[in-house]
Structures are given as structure tokens and as C-alpha cells.
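Undergrad: Chain order of the listed sequences is A and B.
The first sequence begins at 975 in my numbering and counts up by one.
The second sequence begins at 975 in my numbering and counts up by one.
Among the hints, a few may not be true.
Same chains, same names: a pair is fine if it fits in one copy or spans any two.
[To be verified] Calculated lysine-lysine pairs in the DSSO-like style (CA-CA distance at most 30 Å, straight line):
no., residue 1, residue 2
1, K976, K1072
2, K1000, K1072
3, K995, K1025
4, K1000, K976
5, K976, K1075
6, K976, K1025
7, K1075, K995
8, K1000, K1025
Source of the hints: derived by calculation from the structure; they are not laboratory data.
One-letter residues, chain by chain:
Protein chains: 2
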Amino acid sequence: MKYFDDFSIGDRTELGSHHFKADEIKSFARRFDPQRFHLDEAEAERSHFGKLCASGWHTAFMWMRTLVDYRRREADGRRARGEPVARTGPSPGFRDLKWLKPVYVGDTVDFATEVIEMRPSNSRPEWGIMRVRNTGANQNGDLVISFVSTTFVERRPSS
Amino acid sequence: MKYFDDFSIGDRTELGSHHFKADEIKSFARRFDPQRFHLDEAEAERSHFGKLCASGWHTAFMWMRTLVDYRRREADGRRARGEPVARTGPSPGFRDLKWLKPVYVGDTVDFATEVIEMRPSNSRPEWGIMRVRNTGANQNGDLVISFVSTTFVERRPSS
Chain A
975 MKYFDDFSIG DRTELGSHHF KADEIKSFAR RFDPQRFHLD EAEAERSHFG
1025 KLCASGWHTA FMWMRTLVDY RRREADGRRA RGEPVARTGP SPGFRDLKWL
1075 KPVYVGDTVD FATEVIEMRP SNSRPEWGIM RVRNTGANQN GDLVISFVST
1125 TFVERRPSS
Chain B
975 MKYFDDFSIG DRTELGSHHF KADEIKSFAR RFDPQRFHLD EAEAERSHFG
1025 KLCASGWHTA FMWMRTLVDY RRREADGRRA RGEPVARTGP SPGFRDLKWL
1075 KPVYVGDTVD FATEVIEMRP SNSRPEWGIM RVRNTGANQN GDLVISFVST
1125 TFVERRPSS
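Please model the complete structure; the sequences and the hints are all you need to start from.
TA: This is the structure:
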């Protein structure tokens, strides 16, 4: 990751995408959110969704997983180029998680994150605090998930 | 689950508890949130947490998993007693997820949910909409996680 000081408000990062297959939708739902419209095609057709769709928690988790994979690739690239890798700190939480549209079987969701607020930490001068809007959009460009989170990002040592 | 009409504002349900062990904390973190203070005891001691602690996403997921297990037990009990089991519908999202304190290795977290708002659905008269506050508290009684979610719950057929 870049240092806090190298980010600007409005910076948008495309994290990667995930294709939601029936098997994965059902196995996630069996474990964490066993509602009929996440578990069975015929039941989903009779529900108001009309088609098998992923648990909202599954979509949230694929956002997290896609972020983790993105950060690993990005850190590997930085190390390969001899660039420093900034640390990230704990997150105090997130706000306004919205599942805006169902994620149906066969959908591909593109995940992204955008910086919406930045401030230095008063209590820990080596850290900056970034507020980011995290989103997922399906192959039609419709937002399916959105939430706002806060993270600590290391400041450039010289700053 | 009870029907929407059988709930009242202030109803609190103890969902169950989870004991956070080192192996599970690390394996969850490796998959979804590979930060040093979730992966390694020595690194965690050097971090500002001072001790291995669970990813916030891990705590959120154990809340969900505990709810699912609770609902299964509760529905089985209802069926065994010949009582109806109300359906729940999709959730449009949740708000204000806060990780209030770290969950350290060895902590036991009690999960609960409390009804804070109720209204009938205008567009779908067979459903009611409940807003609930979901929490987890550790063995010292300190809240570690809190968020507010909205769910559709089936109304009593006669209502």
C-alpha cells in the first residue's frame, strides 16, 4: 500500500471482480445464512427474488477477500520494485452497509474503493485516518453493495 | 421464529456465545484479513493491541453464525411442539457497525439481539419490518461489537 500522504480524496482503486457460482452461493448460505432463496433454485424461483441469489454477507465477504488479494498483489509488486510498503492499522468499524440489488447466480461483481475523507491522527502521529467508500457493481453497472469504512494508514516516515 | 406480531420493542434474545481460540483467529485472518496482529502472537505483542486478537470481520461472522444456530434450534423446538415457524425475509443492510474493543485470544463473547423499532410493511402486508440492535459482549461484560440491522419478519396469518 502507498503511504497515507500519497493518497488524495477521490482516489479510486479497482480491487478486482468475483463471479458468483451456484455451488459457492449455496455452500456459503448453508454455513452462514441458510435462507431458502440462497439455498435452492426452485425455492428461489418461488420467492420474490425469482432466481437463486447470494447472501448479502457473502457479497460483503467477497469484497473483503478481493481487497486482501489486491493488497497482496500490490505489496508484492512494491517489494519487487524495491518500494516501501505502508502498514495499515485496525479499523474502528463501518457505516451504512447497503445491499442495493440482489447478486444473482452467474453475476460478476467488480469491487472498488474510493477515498472520501482524510485526516492525520492526533493521538498517533505516525498514522493517518482515511474514510473510504467501498462498492460492488454487477456486469450491468448496477451497484449491489456499498458501505463506508475507516482505516488507519501509515504516514510517510519523513512527514 | 415467532411471528412479527408476537414481538415487542425491547425484546432481547440471547443467541449464544463463542470462545475465540488462537487457531481459529489465525486461520480466519489468513483467509480474510491477514494483518500481523491477527496472525502471530509475537507480532501482536509488539502491536498496540499487545496480544493476539480476532479480525473484526471474524467477530461479525461469529455473530451471524451464532444467530443461524440459534434460529435452527428455536425452529426445531417450535416444530417439536407443533408450533408454526415464521419466515424471515431479506435484509436491506445494516448500520453503524462498531468494533468497540478488541476480541483477544481466549475471550468468550456472548451475542444478543434486541428489537428497537417495528412497523408493518406497506408494500407487502404479509410482512413486518423490524429494526434490531445486535451486540457481542466479552466475559467482562464489555461490548466488543454493535450494529443495527433491519429484517423482514412474517406476520401472523390472521393479522
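Undergrad: With reference to the structure, classify each hint as holding or not holding.
TA: Going through the hints against the structure:
When the C-alpha separation of K976 and K1072 is checked against a cutoff of 30 Å, the pair qualifies both within a copy, at 28 Å, and between copies, at 26 Å. Proximity of K1000 to K1072 under the C-alpha cut-off of 30 Å is found in both arrangements, the shortest distances being 21 Å within a copy and 28 Å between copies. In the homo-oligomer, the alpha carbons of K995 and K1025 lie at most 30 Å apart inside one protomer (13 Å), although the nearest pairing across protomers, at 38 Å, exceeds that limit. Proximity of K1000 to K976 under the C-alpha cut-off of 30 Å is restricted to the inter-copy arrangement: shortest distance 25 Å between copies versus 37 Å within a copy.
Taking the closest pair of Cα atoms, K976 and K1075 come within 30 Å of each other only across two copies (27 Å); inside a single copy the shortest separation is 32 Å, beyond that limit. For a Cα distance limit of 30 Å, the shortest separation of K976 from K1025 across copies, 27 Å, qualifies, whereas the shortest one inside one copy, 41 Å, does not. Taking identical chains as interchangeable, the C-alpha atoms of K1075 and K995 lie at most 30 Å apart only when both belong to the same chain, with a minimum of 17 Å there against 36 Å between chains. When the C-alpha separation of K1000 and K1025 is checked against a cutoff of 30 Å, the pair qualifies only within one copy, where the shortest distance is 13 Å, while the shortest distance between copies is 36 Å.
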